[in-house]
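Protein sequence lines, in the order shown, are assigned to chains A and H.
Mapping of the first sequence onto numbering that gives the first Met the number 0: residues 0 to 300, in sequence order.
Mapping of the second sequence onto numbering that gives the first Met the number 0: residues 0 to 403, in sequence order.
Derived from the structure by calculation, the hints contain no laboratory data.
Small disclaimer: the values here were computed from a predicted structure and weren't measured.
We put the beta carbon where it would ideally sit given N, CA and C, even for glycine.
Careful, some of the hints might be misleading.
Claimed, not checked - Selected chain H positions facing chain A (in silico; Cβ < 8 Å): (1) R48; (2) I71; (3) L72; (4) N74; (5) A162; (6) G165; (7) L338; (8) N339; (9) V369; (10) A373.
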Amino acid sequence: MFESIRQFFADRKLRDYATAYAFVIPALAMYVIFVVYPFFYTIYLSLTKWDGAKPVKEFVGLLNYQQLVADSRLWSALSHNFIWIVLGTVAPVAIGLFLGVLLWRGVRGMVFFRTVYFLPVVLAPVAVGIIWKWMYNPQFGPINSTLRAVGLDVLAKGWLGDPYLALPAIILAGVWGYFGFCFVVIMAGLQNIDMEQIDAALVDGANGAQRLWYVIIPGLRHVLTMITTFTLILGVNVFDIIWITTRGGPGRATHVIATYTYNTAFRESYVGYGSALAIVMGLVSLVVSFIFISIRERGGD
Amino acid sequence: MEILYWDQVSGDEAQAVIETIIANFEEAHPNIKINREVYTLEQLTDISRTAIEAGEGPDIMYYDSGPAYGGILGNAGLLLSLEEAYAAYNWDERLVSVSRDWTTYGGTVYGVGHEFEAQGLYWNKRIFADEGIEVPSTFEEMVALCGTFRELGYDPPMAAGWADWGGFPISHNWYNVLANSVPSDTVAAAISGEYPWNSPDIVASLDLVVGLVEAGCYDEQGSATSFLDGNAKFYTGQAPMMLMSTWAMQFFTDEITDEFGFMILPPIEGGEQTMIQLMGAVWYIIGDTEHPEETLTFLNYLVSDEAIPLWIEGAKLLPGVTGVDFSGYDVRPVYSDFLNLVSGWDGPVGYHIDVLTPANFNTTLWESNVELAAGRLTSQEVADRINAEMERAVEDGRHADITG
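Pulled out of the complex, with its shape left as it was, chain H reads as follows (with noise of 0.2 Å):
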């Protein structure tokens, strides 16, 4: 028999580490035969629901959490209740909390995450070192950087770009920003609907995003680089910090000579250091899969012991697995920085927006961002529009309660 499985796994490494473990998966299972179709989170949006819908969809597939992603399919009951599942492999104990919390839409648990991140701030040891530049230990000492980075003739200091993902970049700074500004529980109000995003401390937050700007951090062009190429002069030494997710790891390929450092964002005057985790995506089982205990099997397979080594020294990725030992990987002095990092936090642990947000809050957001970004918009007035966005997100009943 055959699964269909769609993916949305990028860059050479992870794609190689997938293949191998689907042929692993179909050599131990000779009876399933995993097709494997790639396709990216924007081409997921736009024809996963039809297709499902239609009966043409996949058995598995590779999609992101939240409301506006896996929630909108969990909720129309397009997706198999992952309830049995979780007792049946003992994922509670196997999976990091967030795998269940994250992936619950209206009271089930219908994925299991995958690619456990955080977000924080890379710096590029060559070039601090070079400078005689220490690491900041604060987030104003990080920001004053940016000058002395400029004068230095490094530009931008921070790499970023946002001209085709819609502001999305810059927003993730800002959800590390509100993150270390405005404490967790404030946040989780938040994005239940039951604190409004227009308050001071928000606006607050959003004002630090504007320094950011006006430091001079970001490229002048940001706006207008891509992503990968706004990525790319951090990799490439034109910029000697970035403020990202441990996702961008997998873009540290071996042509990449200089070393990097990774650490949570600096702490905020008057806010706690806190670690922004997520799950880059989450692997969901179509409702009406007609093989529903062998794509059980392959998930289950995803996540054993067999496949986590392949994800984390060949790709990168960190499984949402608990109880492992990074001790033993074969890995770059960065990549374990942050899975040492990971096992070791005991800090707070703040929320990355987007993936528990509704589209229609994150599309206003990150498109009101640009415009912050570029001084059109006041820190008053995005904040004034998410709200606007969220209070309609609760009156249609699209929002995620978290507080509950």
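So that you can see chain A by itself, here it is in the shape it has in the complex (with noise of 0.2 Å):
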């Protein structure tokens, strides 16, 4: 026995294949237990009735995904999810690229820019809702202060308990939180755009909207799609800058699909549903991410 084992150390292509299991299996086995068994026992909650606490679960088969179209309270979240998609996707990627190319051909104090902006990504979101819900605090909060000692008053609001203004509001904290990722991403790829089409574009007359339009952006398309993917996916998974700021309210005005799922599950103990819930969610992640992978890779040929 022990003289095949020798053997088998003794072929090299073998020994590089077990060395190379040797790293993989330990990070495979977590990936197994922490998501892909996670993931199919939550497809089979997601076909049983359950309160999270009886022995018994009772299977139910698609029942919960059908009560799932007629939910209101799902398509209420989605719509909010979809707001958040598109301004919390368009707003930091466009301020990112905004300050990157104005600091881009290098101006005094840019370590300085360039720290500052980077500063809220640093932050936890938790951090970034908690400071927002002090900045939005309709008594003391800065921006009510602010408002009023200048005499704006018809202004201040309670900006995270008013129906219609809460959503935006909390939109705003995340872009501040998220933009300085965009900028430093965008200011990375920067580096890689030709400058001598720029000097061909400005030799052709080119005004800096049409060199920005025809010539910078076209250079930056794989780091706008790679960062324009990642923001989308975190916009369909958005939670805990919500769930610290407003937890979905007031009423219903702020709840994501995911708040919507965590409330489900565990504050109203329907864990069968809640689970029907995020697999829904994670078809929309999955569908969104195959969309503008699919795009960037189209973009790369």
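Starting from two chains that each stand alone, build the complex the way the hints lay out.
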């Protein structure tokens, strides 16, 4: 037996395989335990009616999925996700691009600006939520205090308590916490822009906007697609900043699918139905990712 | 041996009292050590079920009553039946009846209720005297007072904030209005799923809450103001009135110099003045505790004659015990008013809804009431929503039958 083990290790090819698997297996095991197993178990739970405590899970087939179709709270939450995806993607990418281009050619204090813009990114979304919850406080928050101090009392609002303003207010907080990431990645992408093309455009008489549209943005397409894909997925899965600031309120004004799922599964103890919601959320993420990865690959070709 | 106790007592004075009670208990029982861990209700809801199932839960926990909280655990067989303990410790006689009634799930009693509370109207005696205003004797007078106080510059006339508790506080105000405008047996039938929540009488009670909003009673920023910030406007004299449970009395600290009055919600025309009584929270013993006898001994000590003065004078919380002579206690006048009111009350008793209704009903109710206050939903729409949730709960067997 020891001889066969010795021969195994004497074979370089087998030894390489063994080494490779030795590195892969722990990560694979973690992936199976913490991703694959919960994923399939969630699918199973989504086919049951269960309160999360009783020992028996009643199998109900696709009933939970049938109920999803007529669930107005789900559609309301998805519409908020859609708003988040659109505004929460366009705004940070646009701000990052604007600031990146502005600082690209080198300005005094470049490191300072880069640090300041990136600083909110290092904060956990929970911290961003707490900061902005305080900023929006109707009584002593800096936003209302400033408005009152300059005589604009009429504009002072209960930002997070107004059903029409709450979602845009949280999106603004989310954009603040995220645009620095877009800025830094775009800055890195700008270093690869071919300066000869910029110079050629200048010689051809292209103005700033034309250079941006026809030279810089095409040159950043891989970077922009990557950021956009990443941001879109975040928009589908957004949870923490909303939970910290409004918990989906006032009323249902800021519920997104993740907060609604959490509420249903853990607050209302409808774990089976909550699992069906989680599967829907996963599917939406998957579809969004697939579409944009396809676009990116097509762009690469 | 050690007992793990999960607690949700809030307020500095109440925290000090429970620590004292534990120290006294340990002194009297040197072989038992109580390890107390403090959580919020939200945290307990999130972690208790999983922790107990994993064998990592406490021996005893202080959690809320009703199908949405203890009921989930009791019905899943995760709590220890206290039927024998009620007989052994004579709790049926020593404790108020709602202690058993509100902690019985599936025909078995699982808890001992604590923090016996009532809901009602607080008023600031100094402001009422300074402004020469009489305490309202009817609900309609109370609503009219909101306009009067607005004109006098009090903003808001009635302290409230429901930004962080998802509409929970404004819904409490509705429970009060409901109890005083719809007969208790009708409300009990609705809680039991035997009477529709979108019936005209219940819709009319929601209209009365809309009336409070339209009369300018609440802070216009109520849905952006946290519960404690909202209540603080009453404690600090900005708001002259507050509709709240007696739980709020623990926040009348020594720094607050104003004196306050407390009364049951003034009677609504066509209704009968009704006191909503509730147990703030409940002690449950976990089903798989390794030390049931010692934990029961500790639980009995928590409601013992030694602990009662500490609860009343120190924590300003009323234990759910019977036959207490309140006259000898050194407490704030407003608290003594409440104690006397409770001990002398012989009128009808109403229900605190959300401790008896299932969680899906509660979250829908709270969310919808915020939208009601914001004018985004009508009373009928709110009633239709909660009725649909009750029908769902009945179908799933998650409701409480309190009429049987």
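The hints, checked one at a time:
1. R48: Hint on R48 of chain H: holds, closest Cβ of chain A at ~5 Å, below 8 Å.
2. I71: At 5 Å from the nearest chain A Cβ, I71 of chain H passes the 8 Å test, so the hint holds.
3. L72: holds (6 Å)
4. N74: holds (7 Å)
5. A162: For A162 of chain H, the interface hint holds, since the closest Cβ of chain A sits about 6 Å away, which is under 8 Å.
6. G165: holds (5 Å)
7. L338: Violated, because the Cβ-Cβ distance from L338 of chain H to chain A comes to roughly 34 Å (cut-off 8 Å).
8. N339: Given a least distance of 36 Å, the restraint on N339 of chain H is violated.
9. V369: Result: holds, 4 Å to nearest chain A Cβ.
10. A373: holds (5 Å)
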